[in-house]
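Novice: Here is what each chain is made of, one letter per residue.
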Amino acid sequence: MSSARTEILARVRAHRPASAPPVPRDYLPDVPGIDVVEVLVDRLADYRAGVHRASAATLPGVLAGLVATSSTVVAPPGLPAEWLAEVAGPVLRDFPGAPISVADLDRPGVTVVTGAAVAIAVTGTLILDAAPDQGRRVLSLVPDHHVCVIWTDQISGGVPAALARLADPSRPITLISGPSATSDIELNRVEGVHGPRRLDVVVAARS
Amino acid sequence: MNGTGNIVALRPFPDAARLELNDQQLRTNLRRATHTIRDKRLRVVGEVDDWEALRRAGAAIKDDVLARLPELLERFEESATRAGAVVHWARDAAEACEIVTRLVTGTAAREVVKVKSMATQEIGLNEALEAAGIEATETDLAELIVQLADDTPSHILVPAIHYNRSQIRDIFRSRMPGVTDGLTDDPPALAEAARRHLRAKFLSATVGISGANFAIAETGTLVVVESEGNGRMCLTLPETLISVVGIEKILPTFSELEVFLQLLPRSSTGERMNPYTSMWTGVTPGDGPRTTHIVLVDNGRTATLADEIGRQALRCIRCSACLNVCPVYERVGGHAYGSVYPGPIGAILSPQLTSSGANSTLPYASSLCGACFDACPVRINIPEVLVHLRQKGVDAKRGKPSAERAAFVSLSWIMRDRRRYAAALRAARRGSAPLRGRGRLRRLPWPASAWTDSRDVPLPPKQTFREWWAKR
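Quick mapping for you: the protein sequence lines, in order, are chains A and B. Residue numbering for the first sequence follows this note's numbering, starting at 1 and increasing by one per position. Residue numbering for the second sequence follows this note's numbering, starting at 1 and increasing by one per position.
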């Protein structure tokens, strides 16, 4: 008996369509004519995420305010140290050689602060691609509170333009649109299921 | 080779539907839920200026994938393997279950956590794992509700759509460990109970099992679209991850996601984007599982590919928009379809995957109103395929004796001749004269009772148009 692989591929070869017409690509490569910052802020608020504005100068103060009530602040390996310069409590840094345990991430009152790779304005989506300022996927998943910093020049209007900006699709990639939510009970949206109960987004201008 | 598993209906649709139609609570729950979601969907689809262009692109990309499937599958296997995944191939449900069970048994685990997945539902994986002494926990809230209730899913996207909040509370109270009688039917309270129940399982599980919404040939990447974060938990915390993927889930390149990540969330939950989408490629040291397996499943897909009209069903991205707009689904619910794929898409997918048995009644589970085609984000012409499958069913039975055919043979003899036809009409009127005044006939004797069980028959008029005309 031939292997399943050989058999399936032979059947696909025998049954496939002779050819397919070309793919029409006349959809929009981006969403034109919108203020990407304002639309992103609007969409994030619609998902009931907390939205905050900052500049490079005010970012440390804004972040310190957001984590003020946290028991522990967790940071990925490459998060710029100056972002957390005004944080009063302890900051736990996740390093590849010495990763923070899942049990520690799961403790009450843990806040994680990360950057992001790209954001999509019209869908209110943050894209994390495990770069050093974002770290492992569990960092933005297990803690109760996620604070994500997005620079205004990282925001694209629509989905195609945003995906095209990702450096390497083979990295672990997570798209986050608002806090964890379910619609399984009578299709009512309920926030805060298994991911962080609280998502705060700091939209920061470089200058 | 035909597909097997939970896609084979045990009884014909009309029989199953008749039972479900008696459940008034079910109809109330379904009506509320499907109308809520279709209104949301219309609103967010209306926001997208290029929706029709995206639909056409989505359909064409999927058709292109079907035409190049052998090469793309090989490319995917090569890319995923290079990235550190182990790729397996399964001809049918039994073979897929056997592979997954062997992989789980190969670890020390006796418990696995599962991301909601149609492919694992289709192959009956939970039942197979249970038979091997492995406990599989569904972690999607709706799947968990169905699992706790010892029920089966009734919707592709919202498997517990047939329950309302007080029914869900009752299920949690009686079946979920640690839940007290104080639990209310407030949705946030119910979601919180599920969070507590599953948290310990996520943090201790060593094996996770998922499906995939998309598999990228170019990079070997798998994509899972979800909402609650249970998916992310299962995809990142365990040491071993096993993903069961239908061979039609392939996309050529990463950039094709730009089309489907616009079409899928808006069509399915009526949101601009689902809360979480995870993408992973093989193994990433220090981030996520150390071992990843991918099981590529045929289970009737190649048989479906062989039908020139029916193969468009393989474009399906499991959004379930067609269910939510279907007048038949809204009244009978998902269980009547007998397969894990209910509704309009199930009516064309299940019979093609399995090709025989009780599923042959599914192409008749439709009013052919066309709402499903309008809602489909990849333009599957479901009514066209329904009619095509009905035609195939009739052709297959041609030449075999049946009461219906005998009746139509006599009828055609009568209608071929004007005098015979007029005489028959007179006879019908005379025969029905004693019943005059009752308007419509509710019940006819067998075999016509098969018709009148669910429909009334109008009585013939007192005189025909020709008779009326002759008297003028």
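There could be a bad hint or two in this list.
[To be verified] Just the calculated beta-carbon pair ranges, DEER-fashion: (1) B:Gln25 with A:Ala88: 52 to 60 Å; (2) B:Arg398 with A:Thr6: 44 to 52 Å; (3) B:Arg398 with A:Ser3: 35 to 43 Å; (4) A:Arg165 with B:Arg43: 55 to 63 Å; (5) B:Pro447 with A:Pro21: 42 to 50 Å.
If you're looking for bench data, these hints aren't it; they were derived computationally from the structure. Quick reminder that beta carbons are idealized off the backbone N, C-alpha and C, glycines included.
Novice: Determine for every hint whether it applies to the structure shown.
Specialist: Going through the hints against the structure:
{"no.": "1", "hint": "B:Gln25 with A:Ala88: 52 to 60 Å", "verdict": "holds, 55 Å"}
{"no.": "2", "hint": "B:Arg398 with A:Thr6: 44 to 52 Å", "verdict": "violated, 37 Å"}
{"no.": "3", "hint": "B:Arg398 with A:Ser3: 35 to 43 Å", "verdict": "holds, 39 Å"}
{"no.": "4", "hint": "A:Arg165 with B:Arg43: 55 to 63 Å", "verdict": "violated, 28 Å"}
{"no.": "5", "hint": "B:Pro447 with A:Pro21: 42 to 50 Å", "verdict": "holds, 48 Å"}
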